[in-house]
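> One letter stands for each residue in the lines below.
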Amino acid sequence: MNTKWVGKRVQRIDGPEKVTGELKYMTDYHFDNMVWGKVLRSEYPHAKIKSIDIEAAKNLPGVICVLTHKDIPGFNGFGIVVPDQPVLCSDIVRCTGDAVALAAAETLEIAEQALTLIKVDYEPLEVVADAEYALTDSAPKLHPDGNLHSHVKIKNGNIEEAFEEADIIVENTFFSPRQMHAFIETEGGWGVMDEEGFLTIRCPGQYAYRDRMQIARSLAYNPERIRVISSPIGGAFGGKDEITVQIYLALLAMHTNGRPVKIHLSREESVIAGIKRHPFKVKMKTAAKKDGTLVANQVTAIGDTGAYASLGGAVIALAIEHSCGPYKIPNVDLEGFCVYTNNGIAGAFRGFGVNQVCMGIETHMDMIAEKLGMNPIELRKKNVYHQGEVSSVGHIVKSSVGTYKTLETAENCDLWKNREKYKSEVSEPWKKRGVSLATSFHGIGMGIGLPDYGAATIELLPDGKFLVGVGCEEIGGGNSTVYAQIAAEMLNCDISNIMIVQGDTQRTLDGGTVTASRSTYTGGRAVAAAAPKMTELLIQTAAEMLNLQASRIDIRPNHIAADGQIIPYKSIHKYLYDHHQSARVEGHFYLPKEKEEIKGSGGAPHHLYGYLTHVVMVEVDTLTGETDVLRVVSIPDAGKVMNPQGLEGQAEGGAVMGIGYTLFEDVLIENGYHKTRNFTDYIIPTIRETPLIETFPVEKPEQSGPFGAKGIGEVVMIPIIAAIMSAICDATGARIFHLPATPERVFNALKDLKKQKVQSAR
Amino acid sequence: MKSIQFIVNGKERTVVCPPAKTLLDVLREDLGLTASKECCGKGECGSCSVLINKEVVCSCLVLAGQAQNQVITTCEGVGLSPNLDVIQESFIAEGATQCGYCTPGIIVSAKAFLDEVDTIPSAEEIKTALGGNLCRCTGYTKIIKAVQTAASKKISEPETAR
Ligand code: FES
Ligand code: FES
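Chains B and V, in that order, give the protein sequences. Here the first sequence stands for residues 1 to 762, numbered as in my numbering. Here the second sequence stands for residues 1001 to 1162, numbered as in my numbering.
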């Protein structure tokens, strides 16, 4: 298909305002009459609240209001699936991120001082610091129904028999870290209530309409009288999917006499109060035949969701759905537990549970290949499912499947083909290099049982340009540019004639979340559904204006031509306006779903998946245990690539985030208290850790997607984790099962390996 | 409260503020220059990078009083649309910005670095120059490319010709 904009390296439409700093993020606003809000967090990870005394704080000069749970007019709770997190705690605190009171004051310093004057009388309770302990009878119950938030199980075939008949079995336990999103813009925003009681909350989020619903529920307020603006966002990665400070802003705004109120969390507060990736313990047992055919997989995964559910149930469900990789294993027994503890709060994060299980199955693939003396690519090719085949969880995969193609590309890439040569080029004699690969997949959109739709508007503006409105926020991934490309393509105009508005309950329709790798696919389809209606409107109006048949009207780039006349879009707008006709059209799209849910799976399967293979080269310093990732090849199947530059951006950012996850990142919590506080002790990759990254998309078009596109935002950080783990083993012979693979862990693994060698030599 | 004079982006400015207020807060709140961001408040991330007399500093660590009589350049001073600096143009051309929250700080650091070089820098040199700026979105690959692109443009079309 010949396209002008779609599939092209179109520059980001938000580039200029971002490189100059002219773009105002919600946390950039400052007004002379603005007041500052602060949140009092709990002193203890688990305690009873006996009393809260706010008198002294209220009397501090400069304080405008101090609020507690008593000031919540509606429901005192939030949470995307189960709203079990109190807005402001009344009787119990369950983590040190829990909010107990709010203060607003003339300055930030006064607000901070006010918090110190709030007297909360606590009775500390036993802290539940471990997910497995939480499941025992002796652990205190953190919620009325106990500490098990959710349980999922998928069982197919007969694993006992399969294990008995298998030629080879590998069995291991994997531990994964509590990764922090570490978006550069911490949680924050501002809110204001006008004289008529209309409330506006400007706060970065990943679904404005749902944020509005959660605010309205707590305020017992008509949602129609609340406007939420949630875009643009200074990074989110899932960490702003849940409510962050929106409800606090709304509550405070009701008490500031119409003055805007701002909250912007310090990094320290963000570390403690913000959600994190679920740490998992995964037990996995995988069996194969001598020829490499996988026959069975058994998985038990326990995820620590911390004090509240947020999306924990969905994370564990997605983990289990993906726990066998993109392979067809006939006998499986897969079980996941999502457990409450007092370890902060975990929730959505790029990869959404799949990172934690992919490292298991892909490490096992590498071990099986090693034991069988098989090429790891051959082993994978042998076991992957193709479109129309049955996956390990037992459903027929009807949408496009690119794994095989990504493996072929991996096989032929320079790094893989010449790996022996590259491995020999070590920078120091005591350093060792390894090259390995891993593959994975990731469901696009929500699973079964959740609403999943896209909606877009296109409006002809007085100056003849088009305003495209999509609910999905610009989170940084570049969906605004993709929407503009689609609109420009279909309206046959220059991209500079397309304006975009996103994430605003007043100006965009409800189009679902910007999560689950869904916004290009879903929002893109919605724009593609709206565009022909706009074309139709332009043609019909021109026909009416010229008194001609519609068939004689021609859409040309940026104008209409008919009968030798040129009609600029401006005049079409004027005509519509003068005749009191709407210049706005809508497009809607329902994401295709599987009809039948796999019993006990909590929403599996997805209809659509994105696939990706990573090849990496690492260099391990055998004296210090330090690992450097030197090269990465990212091979995504994202369907048709809408914008190669945007896709590369995702692939590069995801790879580096995966490197951080594998090698250094972990928020340490001891007995409920955060040891990690800021970037001083939480290390994310800097530019120095950036390897050479190449991206080779395989472009297998997905017929249901806009121009054949699928999603990509999450899978870009997944297989690299296992690939690095295997590459460390390829370099040194030592396997790491506990992430992050810090120098200490790698060093100890090398030491153990030496010991084993000495013993077996005896 | 103290009255402080300095030159910001080529203009003489006076602000009256507590001398212990950070330069970052003065820029953002008193002068409305919000390109510089606060992310860690501890000198760890570089989102607040500005130039003081051509040297890159973390403005979250500088007190307003220390800025007295200094010459300060923020990202807004590097260039505003439509008059972008070549480094800003290159960031757009190479796709080196995503969420954009880190970008102004990186532009400032890159500008200071490029002002000092007259060859196309290697990836290693760029990594050293920008080692203090965190970005969580891009994976830095396109940032390295953008700095090289800017350097080659600078060399092929020197300032006066532009
Ligand atoms: S905010 Fe100044 S270095 Fe992070
Ligand atoms: S572009 Fe988002 S942090 Fe750099």
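A portion of the hints provided could be inaccurate.
What the hints assert, rightly or not - The list that follows gives simulated cross-link-like pairs (lysine-lysine, DSS-like), each with its CA atoms no further than 25 Å apart: (1) K24/B - K1011/V; (2) K398/B - K153/B; (3) K398/B - K381/B; (4) K700/B - K328/B; (5) K24/B - K283/B; (6) K290/B - K398/B; (7) K431/B - K8/B; (8) K281/B - K141/B; (9) K574/B - K640/B; (10) K675/B - K48/B; (11) K24/B - K1021/V; (12) K119/B - K58/B; (13) K432/B - K1002/V; (14) K1127/V - K431/B; (15) K70/B - K8/B; (16) K398/B - K700/B; (17) K751/B - K432/B; (18) K281/B - K48/B; (19) K24/B - K465/B; (20) K1054/V - K675/B; (21) K423/B - K1127/V; (22) K1153/V - K8/B; (23) K328/B - K595/B; (24) K153/B - K423/B; (25) K24/B - K1127/V; (26) K1054/V - K1021/V; (27) K1145/V - K8/B.
Source of the hints: derived by calculation from the structure; they are not laboratory data. Since this is a predicted model, take the numbers as computed values, not measurements.
> Could you run down the list of hints and mark each one as holding or not?
Do the hints match the structure? See the list:
1. K24/B - K1011/V: Between K24/B and K1011/V the Cα gap is close to 22 Å, so the pair holds against 25 Å.
2. K398/B - K153/B: holds, 23 Å
3. K398/B - K381/B: Roughly 19 Å between the alpha carbons, so the hint for K398/B and K381/B holds.
4. K700/B - K328/B: Cα-Cα ~20 Å, so holds.
5. K24/B - K283/B: violated, 47 Å
6. K290/B - K398/B: At roughly 30 Å apart (the allowed maximum being 25 Å), K398/B and K290/B break the hint.
7. K431/B - K8/B: Answer violated: K431/B to K8/B is near 42 Å, above 25 Å.
8. K281/B - K141/B: Satisfied, since the Cα-Cα distance of roughly 21 Å is no more than 25 Å.
9. K574/B - K640/B: At roughly 38 Å apart (the allowed maximum being 25 Å), K640/B and K574/B break the hint.
10. K675/B - K48/B: holds, 23 Å
11. K24/B - K1021/V: holds, 22 Å
12. K119/B - K58/B: Roughly 12 Å between the alpha carbons, so the hint for K119/B and K58/B holds.
13. K432/B - K1002/V: The given pair, whose Cα atoms are some 59 Å apart, is violated under the 25 Å limit.
14. K1127/V - K431/B: holds, 22 Å
15. K70/B - K8/B: violated, 55 Å
16. K398/B - K700/B: holds, 14 Å
17. K751/B - K432/B: holds, 15 Å
18. K281/B - K48/B: Not OK: K281/B and K48/B at ~30 Å, beyond 25 Å, violated.
19. K24/B - K465/B: holds, 23 Å
20. K1054/V - K675/B: Not OK: K1054/V and K675/B at ~37 Å, beyond 25 Å, violated.
21. K423/B - K1127/V: holds, 24 Å
22. K1153/V - K8/B: Distance of about 23 Å is within 25 Å: holds.
23. K328/B - K595/B: Holds, at roughly 20 Å.
24. K153/B - K423/B: Roughly 42 Å between the alpha carbons, so the hint for K153/B and K423/B is violated.
25. K24/B - K1127/V: violated, 28 Å
26. K1054/V - K1021/V: holds, 22 Å
27. K1145/V - K8/B: holds, 19 Å
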